[in-house]
Amino acid sequence: MLEFGLSDPLRRGCMMTNTVMELAPHEKDIALKVSGRLQMAEEGFFQLLTRAKQEGELAKNKDPRALARVLVTMMQGTIVMIKAGTPADAVRQTAEAALSILE
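Quick note: the sequence shown uses my numbering, first residue 2, plus one each step.
Check before you lean on any hint, since a few could be wrong.
[To be verified] FRET-style restraints, in silico, Cβ to Cβ:
{"id": "1", "residue 1": "R93", "residue 2": "E23", "range": "23 to 29 angstroms"}
{"id": "2", "residue 1": "A53", "residue 2": "A85", "range": "28 to 34 angstroms"}
{"id": "3", "residue 1": "P88", "residue 2": "Q55", "range": "37 to 43 angstroms"}
{"id": "4", "residue 1": "A91", "residue 2": "Q48", "range": "18 to 24 angstroms"}
{"id": "5", "residue 1": "L33", "residue 2": "T87", "range": "27 to 33 angstroms"}
Rather than coming from a laboratory, the hints here were simulated on the basis of the structure.
Just so it is clear, CB atoms sit at the ideal spot from N, CA and C, and this is done for glycine as well.
All chains, full assembly: derive it from the sequences and hints.
Dropping the structure here:
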C-alpha cells in the first residue's frame, strides 16, 4: 500500500480517506459506511494479530485489539501524508516507526 501510494504521481490518495475528509463530517450515511469499512479493516488486523499472539509471533503483553486500532489509524494517516506531498523518505520512516509497535 505504501509503495503504491508513493508511486502515484498525482498523489490522489485513497477514495475512502478522501471521502472521510471531505464528506463524512456533513453526510451521516457516508460517515456510517466509512466507519463500517474502517471497522472491517480493524477486525482483519485484529484476527491476524490474535493468531500471531497465539502462535508466539506477537508478545504476550501486546493487546491485539489496541494494535489493530493503531494500525488502521496509521494506515489512514500514512495515506493522508502521501496525499499531502510528504517526502517519500519521511513517509517510509513513519511507517517503519509505526510497525515497530509490533516488536
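**Prompt:** Looking back at the hints listed earlier, which ones does the structure fail to meet?
**Reply:** 4
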